[in-house]
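J.: For the protein sequence lines, the chains are A and B, in the order given. Position 73, counted from 1, in the first sequence is what my numbering calls 83; the numbers after and before it change by one each time, with no gaps. Position 63, counted from 1, in the second sequence is what my numbering calls 66; the numbers after and before it change by one each time, with no gaps.
Just so you know, the hints here were simulated from the structure itself, not pulled from any lab data. Accuracy of the hints is not assured; some may be wrong.
As the list claims (entries may be wrong) - Computed, partial: chain A to chain B, Cβ under 10 Å:
(1) 42
(2) 59
(3) 62
(4) 69
(5) 110
Glycine included, C-beta positions come from ideal geometry on N, C-alpha and C.
Read off the chains here:
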Amino acid sequence: DAKTTQPTSMDCAEGRAANLPCNHSTISGNEYVYWYRQIHSQGPQYIIHGLKNNETNEMASLIITEDRKSSTLILPHATLRDTAVYYCIVRVGETSGSRLTFGEGTQLTVNP
Amino acid sequence: GAGVSQSPSNKVTEKGKDVELRCDPISGHTALYWYRQSLGQGLEFLIYFQGNSAPDKSGLPSDRFSAERTGGSVSTLTIQRTQQEDSAVYLCASSPFRRSYEQYFGPGTRLTVT
């Protein structure tokens, strides 16, 4: 599995866009980029995933560079409830029975 | 639609007692996972069910832990003769067929063994 690198922490003002970067320079052609977050005292929450095209859902947008060596998760209008640890993982997508493991992630703090 | 639900949300039990934790996955999801998370720690995989296949029990820490999934839906995690080190948040997740990295988690059961 490709290794990912994320900043340890980031701050964002409430109402502004939060842009969380992830480097995955050893990603393979069949590996997807997945993003999860974990709000304090809650279970992990799936956010979004993508292969090579940019993706958007009701929670966030995922921008993947053309060479797929890095990506950015965008929360367009961050709220205080978005304060959480955000995890970027890279895995083969079409598979069964794969257990999740998270690295260190990025602690995003949204400030009023 | 309804997400993954777990019950109870909190359970306090005495050392040596048995406990049962319940998980209702998202309807139509074929895969179900149990994890646990101790305070400030990462996810610890326990067991995985996929359809009618034999479960992957490789993460169960001891033979005091067991789980079953009835009718391909609801799952129960049983811990026998609980120990203080079993105290943790027990998380259940489900995922669609062959999309195992798209896991949807329940709120968890906080187990405290006194």
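J.: Look at each hint and say if it fits the structure.
T.: Checked hints:
1. 42: holds, 7 Å
2. 59: holds, 6 Å
3. 62: violated, 16 Å
4. 69: violated, 13 Å
5. 110: OK, holds: residue 110/A within 10 Å of chain B, min 6 Å.
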